[in-house]
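> Let the sequences and hints guide you as you build the complete structure.
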Amino acid sequence: TQHQFNARESDWGFTSFMPLSELYDPGKGFLVNDTCVVEAEVAVRKVVDYWTYDSKKETGYVGLKNQGATCYMNSLLQTLYHIPYFRK
Numbered sequence: 001t002q003h004q005f006n007a008r009e010s011d012w013g014f015t016s017f018m019p020l021s022e023l024y025d026p027g028k029g030f031l032v033n034d035t036c037v038v039e040a041e042v043a044v045r046k047v048v049d050y051w052t053y054d055s056k057k058e059t060g061y062v063g064l065k066n067q068g069a070t071c072y073m074n075s076l077l078q079t080l081y082h083i084p085y086f087r088k
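Here the sequence shown is numbered in my numbering, starting from 1 and rising by one per residue.
Hint data in this document are derived by calculation from the structure and do not stem from the laboratory.
We treat Cβ as the ideally placed atom computed from N, Cα and C, and that holds for glycine.
Honestly, I wouldn't trust all of these hints.
Simulated crosslink set (DMTMM-like; lysine to aspartate or glutamate; CA at most 25 Å straight-line) [as the list claims (entries may be wrong)]:
#1 K46 x E58
#2 K28 x E39
#3 K28 x E41
Pairwise CB distance ranges, derived in the manner of DEER restraints [as the list claims (entries may be wrong)]:
#4 Y72 x M18: 33 to 39 Å
#5 D54 x P26: 53 to 59 Å
#6 K57 x L80: 52 to 58 Å
#7 S75 x V37: 44 to 50 Å
Rendered as structure tokens:
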């Protein structure tokens with residue numbers, strides 16, 4: 001998986017990586033001689049600061065900010081777009 005860490009999201013995690021029963025299953029091969037090797041690849045890249053990115057300035061378009069109860073907005077706007085009166 002991927003995640004971009006920033007000042008507003010400095011931590012991020014998983015509630016569950018895998019069931020312990022799967023880790024302990026000899027047939028899976030995760031534990032060998034009572035040892036489990038975990039590897040992680042971490043890359044530090046120069047990225048755009050998405051909190052200050054101005055999409056209207058860059059693209060000419062604006063987006064909707066999800067305020068929690070706006071999940072219906074995308075389908076509503078698509079429906080309205082397909083009504084010829086609203087495309088004038």
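> Decide, hint by hint, whether the structure agrees.
Against the structure, the hints come out as follows:
1. K46 x E58: 19 Å, holds
2. K28 x E39: Judged against 25 Å, a Cα distance of about 17 Å means the pair holds.
3. K28 x E41: Satisfied, since the Cα-Cα distance of roughly 22 Å is no more than 25 Å.
4. Y72 x M18: 33 to 39 Å: 35 Å, holds
5. D54 x P26: 53 to 59 Å: 55 Å, holds
6. K57 x L80: 52 to 58 Å: 26 Å, violated
7. S75 x V37: 44 to 50 Å: Once the Cβ atoms are compared, 46 Å apart, the range 44 to 50 Å for V37 and S75 holds.
This entry does not satisfy hint 6, going by the numbered hints stated previously; all others are met.
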